[in-house]
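A.B. asks: These are the residues of each chain, in order.
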Amino acid sequence: MSLQRKKSSVLQTTRKIGELIMTYFSKASDAKAQGKPVAWITVFTPVELLYALDVYPIAPEHFGAMCSARGFILDYLQEAEKEGYSQNLCSYSRCSLGYVLSGTSGLMPPPDILMTFRNSCDVYVKWWQSLHMHLGTPLFVGETPYVLTSEDLNNYVLDYVVKQLEQLVEMIEEKFGLRLDMEKLADIVRLSDKASELWLETLKLRSHRPCPLGGRDSASDIFPLVVMQGTNEAVKFYEELLEEVKEKVSMGEGIVENERFRLLFDGIWLWHAFDLIKYFENKGAVFVYEPYSDAWAYRLDASKPLESIARKILAMGLNVDIDLRTERFLESIKEFQIDGAVLFSNRSCKTWSAPQLVTADILSKEFNVPYLLFEADMADPRQYAEAQIKNRIDAFLEVLSER
Amino acid sequence: MKIPNGIRDLCENPTAILNQYRDSGVKIIGYTCSYVPEELIISAGLQPYRVTNIGANTSALTPSFVCPFASATLENILKHEDFFSGFIVAHTCDPMWRLYDILKKKLSKPLFLLRVPHNTDNELSLDFFRMELVRLEEFLENNFEAKIDHNTLFSSIELCNENRALLKSIYVLNTGGKYKINAFDRFHLALASMWMPKSEINTQIKSLNFDNGETRGDVRLHLNGTTVYDLVLIKTIEESGGFVASDDLCTGSRYFWSNVEESQDPISALARRYLKRTPCPSHDPLEQRLEYVNFMIEEFKVQGAITFAERFCDPILYDSVHIRNMLAKKDIPTMVIDYENPSQEIGRIKTRVEAFIESISG
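Protein chains in written order, with our numbering: chain B, 1 to 403; chain W, 1 to 362.
If we strip away everything but chain B, and leave its shape as in the complex, we get (with noise of 0.2 angstroms):
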């Protein structure tokens, strides 16, 4: 491990993301050509199960994150704001009609199947339906309540999605003469729930100080989670990350000189703006605890395999009540010793953003952390006023510094 570091940087299991989403979205164009089903899917569905059924999963949220942090988004925003969609619509969802609309040619073959489940917002069935009424591809809707209390998870909203995985199965039986072999998709849900101890257990490894884990490399490291759960893939690379992120502890390293502060972020990260994080950890401000990173992480029974599944995608992320949500995130406070939070008010996620400032305010009163609250958009530049939010950010780490 190079001991030569800059104020701040990335770890290098970290750096090996970028190849690896290259080589996945190869492998789509490589399955299509291979003449095997490519489904778009939301980021929150059972990939696990198209695994097994050999179909490749394709997630335009991804593709959405990638245009924006490569720079290339806005000509697919604009295409997609030409034939009617508002700004005011998710600019995940404004790149892919984008894309679509410029003649879906790239890094995501066409779809054979188009599929959601309802678990972030409504969005997903919106966004979903507009891609099919301009692809006119096969549609499949599901629905994964809000889980409301813990028993959600064992009674008749669990028996619901459980059988809407089933009518998902036969429908991609039926329409691609395919069949689910059981014992595939037990051994691929073993691999995504490796996966998922694997970096739960890095994640964990973020308590110590100096924390041996950023934030740039918890949102890049995130993406095997999101569409490669199930593949031995995945589960070498967070191998690699936790035997990385233990020997850094073990030496003591942090991803920061000088660890001043301990935040937590919430939110999506901003994907063209990436080096904000990098602002804040120059600063001596690490990111020790996000939501989003626990969000993919969940640990499934290959004994019982869809009822996991279900289970999962129903736990996911937004989907469960505000206070389980709350608890989570006052139980990190103690755990990563966190000294302020950062929730970024984003204008394309609705669902996130709205609650904020109830949650803000739990923060602040009762736990006596302090926050900064910031808008901007997770993907379209357009919507991004840096030097103010800069200028809030100094004044933000200038009020921790003197507590």
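What the hints contain is simulated information worked out from the structure, not anything from laboratory work. Hints may be right or wrong, so weigh each one.
[Said to hold, decoys possible] Pulled from the structure, derived: some chain W residues nowhere near chain B, Cβ distances all over 10 angstroms: (1) Glu-158; (2) Val-172; (3) Ser-282; (4) Phe-312; (5) Leu-317; (6) Ala-355.
[As the list claims (entries may be wrong)] Coverage of chain B stretches by chain W, computed from C-beta distances (three or more under 8 angstroms per stretch; other residues unrestricted): (7) 117-124; (8) 142-156.
[As the list claims (entries may be wrong)] Cross-link-like lysine to any residue pairs, in silico, SDA-like; alpha carbons within 25 angstroms at most: (9) B/Lys-194 / B/Tyr-298; (10) W/Lys-301 / W/Ser-359; (11) W/Lys-276 / B/Met-171; (12) W/Lys-106 / B/Phe-374; (13) B/Lys-175 / W/Glu-123; (14) W/Lys-27 / W/Lys-276; (15) W/Lys-329 / B/Leu-101; (16) W/Lys-276 / W/Gln-288; (17) W/Lys-301 / W/Thr-236; (18) W/Lys-276 / B/Leu-200; (19) W/Lys-105 / B/Arg-328; (20) W/Lys-329 / B/Pro-138; (21) B/Lys-204 / B/Gly-317; (22) W/Lys-276 / B/Leu-168; (23) W/Lys-104 / B/Arg-325; (24) W/Lys-350 / B/Lys-365; (25) B/Lys-163 / W/Ser-268; (26) W/Lys-79 / B/Gly-317; (27) B/Lys-278 / B/Glu-259; (28) W/Lys-104 / B/Leu-330; (29) W/Lys-104 / B/Ala-360; (30) W/Lys-168 / W/Lys-105; (31) W/Lys-329 / B/Lys-278; (32) B/Lys-365 / W/Lys-79; (33) B/Lys-184 / B/Glu-151; (34) W/Lys-276 / B/Asp-159; (35) B/Lys-390 / B/Gly-106; (36) B/Lys-248 / B/Glu-259; (37) B/Lys-236 / B/Glu-259; (38) B/Lys-163 / W/Leu-124; (39) W/Lys-109 / B/Glu-151.
Treat the numbers as computed from the prediction; the structure is a model and nothing was measured. All C-beta atoms in this analysis are idealised placements derived from N, C-alpha and C, irrespective of residue type, glycine included.
Take the given structure of chain B and dock chain W to it, following the hints.
C.D. replies: Frame of chain B; chain W shown alone:
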């Protein structure tokens, strides 16, 4: 035909009726959306009251880019909480879903979230929704010392069916290009049905006399969107040479177009009616909604369609593209008008409405 003044006043200031309910000891349940079966609330001996944005500004508790309707509704709920015994929020769209989250942290009254499946054409969703209605029944019984049984359910279904049938009978007076009741009045009757006791509004509607149909030269328009509570929007269209011949709004035809079937299993019948009604813009399948818009346009001989979009309303903003594309094939012009607070923006809205109507009438 003249709409009674009481109904006009109520639509201008719907919260006024809350005082009357309180003075007469009526327990009120506030609800937010037309997917909540009023029948269950009535059969528990409670008065349903649809909480709206009328009279409120957006709440400081939500970001500026979240649906202003949901935000102002939140403000109204918090402002008038004392009048209510409890609240039912339906998870139909994202802002309403998150409204529940915020209310859960801010309200002291009993609160229920009704989870409405988005994939409405799936039989599994119907079974699930039925279970949700059973859970709602239990919530009402446990929190308000109510007893809901077959008899109370049958009579509340009958009452609501009568109300919907009356509203629909007025609506269809205008089929085929006739003009018997203006939309401004028609919307008053539908809105009042969400605030007044059903028996009372039913009696008032039955006492109305309709003149013989006349044919006017106004441009016949279809309105699509989610809800319109601020009737200045309808008035503006009708003062600009337009006539709202049909709509697909949750404060319009979607509220009353279909009835609950008579059944020995009333909860299942309610689940079927509410889930299988014309889907609101946040639900699937979109094709069903488009089919309904198409039906309305044919049935009421529509010449143009206006989408009224609450600013930041995702479902409407997506659908407006598909509605425009569909109607373009029939040479029916469309226009989208978005707003946060119609009354405060009426000058701009009027200019656009006038231009649109003029472009159609030539």
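A.B. asks: Please go over all the hints and tell whether each is borne out by the structure.
C.D. replies: Hint check:
1. For W/Glu-158, the requirement that its beta carbon stay farther than 10 angstroms from each beta carbon of chain B is met, with the minimum near 29 angstroms.
2. Listed as outside the interface, W/Val-172 is consistent with that label: its C-beta sits roughly 30 angstroms from the nearest C-beta of chain B, beyond the 10 angstroms cut-off.
3. The Cβ of W/Ser-282 does not lie farther than 10 angstroms from every Cβ of chain B; its closest approach is about 5 angstroms, which violates its non-interface assignment.
4. For W/Phe-312, the condition that its CB be more than 10 angstroms from all CB atoms of chain B is violated, with the nearest at approximately 5 angstroms.
5. Not every C-beta of chain B lies more than 10 angstroms from that of W/Leu-317, the closest at about 4 angstroms, which undercuts listing it as non-interface.
6. Consistency note on W/Ala-355: stated as away from chain B, and its beta-carbon is indeed over 10 angstroms from all of that chain's, at 18 angstroms minimum.
7. Coverage of the stretch 117-124 of chain B by chain W holds in this model, with 4 residues showing a Cβ closer than 8 angstroms to a Cβ of that chain against a need of three.
8. Requiring three or more residues with a Cβ within less than 8 angstroms of a Cβ of chain W, the coverage given for the stretch 142-156 of chain B holds, as 6 such residues are present.
9. Note on B/Lys-194 and B/Tyr-298: the hinted pairing holds, with a Cα-Cα distance of about 10 angstroms set against a maximum of 25 angstroms.
10. Among the hinted pairs, W/Lys-301 with W/Ser-359 is consistent with the structure: their alpha-carbon atoms are about 17 angstroms apart, no more than 25 angstroms.
11. Between W/Lys-276 and B/Met-171 the CA atoms are separated by roughly 22 angstroms; this keeps the pair inside 25 angstroms, and the hint holds.
12. Taking the CA atoms of W/Lys-106 and B/Phe-374, the gap is near 23 angstroms; set against the 25 angstroms cutoff, the hint holds.
13. Annotation: proposed proximity of B/Lys-175 to W/Glu-123 holds, straight-line Cα distance about 20 angstroms (limit 25 angstroms).
14. This hinted pair does not check out: W/Lys-27 and W/Lys-276 have alpha carbons roughly 30 angstroms apart, beyond 25 angstroms.
15. Under the criterion of a C-alpha separation no larger than 25 angstroms, the hint pairing W/Lys-329 with B/Leu-101 is consistent with the structure, at around 19 angstroms.
16. The hinted pair formed by W/Lys-276 and W/Gln-288 meets the criterion: a straight-line CA distance of about 10 angstroms does not exceed 25 angstroms.
17. In summary, the hint linking W/Lys-301 to W/Thr-236 is supported, as the alpha carbons are separated by about 21 angstroms, within the 25 angstroms threshold.
18. A threshold of 25 angstroms between alpha carbons decides the hint, and for W/Lys-276 with B/Leu-200 the separation of about 42 angstroms lies outside it, so the pair is violated.
19. Restraint check: the Cα-Cα separation between W/Lys-105 and B/Arg-328 comes to about 16 angstroms, which is no more than 25 angstroms; the hinted pair holds.
20. With a C-alpha separation of about 23 angstroms, the suggested pair W/Lys-329 and B/Pro-138 falls inside the 25 angstroms cut-off, and the hint holds.
21. At most 25 angstroms may separate the alpha-carbon atoms for a hinted pair to count; B/Lys-204 and B/Gly-317 meet this at roughly 18 angstroms.
22. For a cut-off of 25 angstroms, the pair hint linking W/Lys-276 to B/Leu-168 stands: about 21 angstroms separates their Cα positions.
23. Distance hint between W/Lys-104 and B/Arg-325 is fulfilled; the C-alpha atoms sit about 13 angstroms from each other, no more than 25 angstroms.
24. For the given pair, W/Lys-350 sits about 46 angstroms from B/Lys-365 by alpha-carbon distance, which is inconsistent with the 25 angstroms threshold.
25. Simply put, B/Lys-163 and W/Ser-268 have alpha-carbon atoms about 20 angstroms apart, close enough for the 25 angstroms limit, and the pair holds.
26. Distance hint between W/Lys-79 and B/Gly-317 is unfulfilled; the C-alpha atoms sit about 31 angstroms from each other, more than 25 angstroms.
27. Restraint check for B/Lys-278 and B/Glu-259: satisfied, since their Cα atoms lie roughly 13 angstroms apart, inside the 25 angstroms limit.
28. Between W/Lys-104 and B/Leu-330 the CA atoms are separated by roughly 17 angstroms; this keeps the pair inside 25 angstroms, and the hint holds.
29. A threshold of 25 angstroms between alpha carbons decides the hint, and for W/Lys-104 with B/Ala-360 the separation of about 15 angstroms falls inside it, so the pair holds.
30. Between W/Lys-168 and W/Lys-105, the direct Cα distance comes to roughly 39 angstroms. Violation of the 25 angstroms bound is thereby established for this hinted pair.
31. At most 25 angstroms may separate the alpha-carbon atoms for a hinted pair to count; W/Lys-329 and B/Lys-278 exceed this at roughly 51 angstroms.
32. The hinted pair formed by B/Lys-365 and W/Lys-79 meets the criterion: a straight-line CA distance of about 23 angstroms does not exceed 25 angstroms.
33. As the CA atoms of B/Lys-184 and B/Glu-151 are separated by approximately 30 angstroms, the hinted pair breaks the 25 angstroms bound.
34. Only pairs whose Cα atoms come within 25 angstroms are accepted, and W/Lys-276 paired with B/Asp-159 is accepted, the gap being roughly 21 angstroms.
35. Taking the CA atoms of B/Lys-390 and B/Gly-106, the gap is about 35 angstroms. The hint is violated against a cut of 25 angstroms.
36. Between B/Lys-248 and B/Glu-259, the direct Cα distance comes to roughly 14 angstroms. Compliance with the 25 angstroms bound is thereby established for this hinted pair.
37. The straight-line distance between the Cα atoms of B/Lys-236 and B/Glu-259 is roughly 30 angstroms, outside the 25 angstroms bound, and the hint therefore fails.
38. Of the pairs offered as hints, the one joining B/Lys-163 and W/Leu-124 holds, with about 8 angstroms between alpha carbons and a cut-off of 25 angstroms not exceeded.
39. Straight-line distance between C-alpha atoms of W/Lys-109 and B/Glu-151 comes to about 23 angstroms, which keeps the hinted pair within the 25 angstroms bound.
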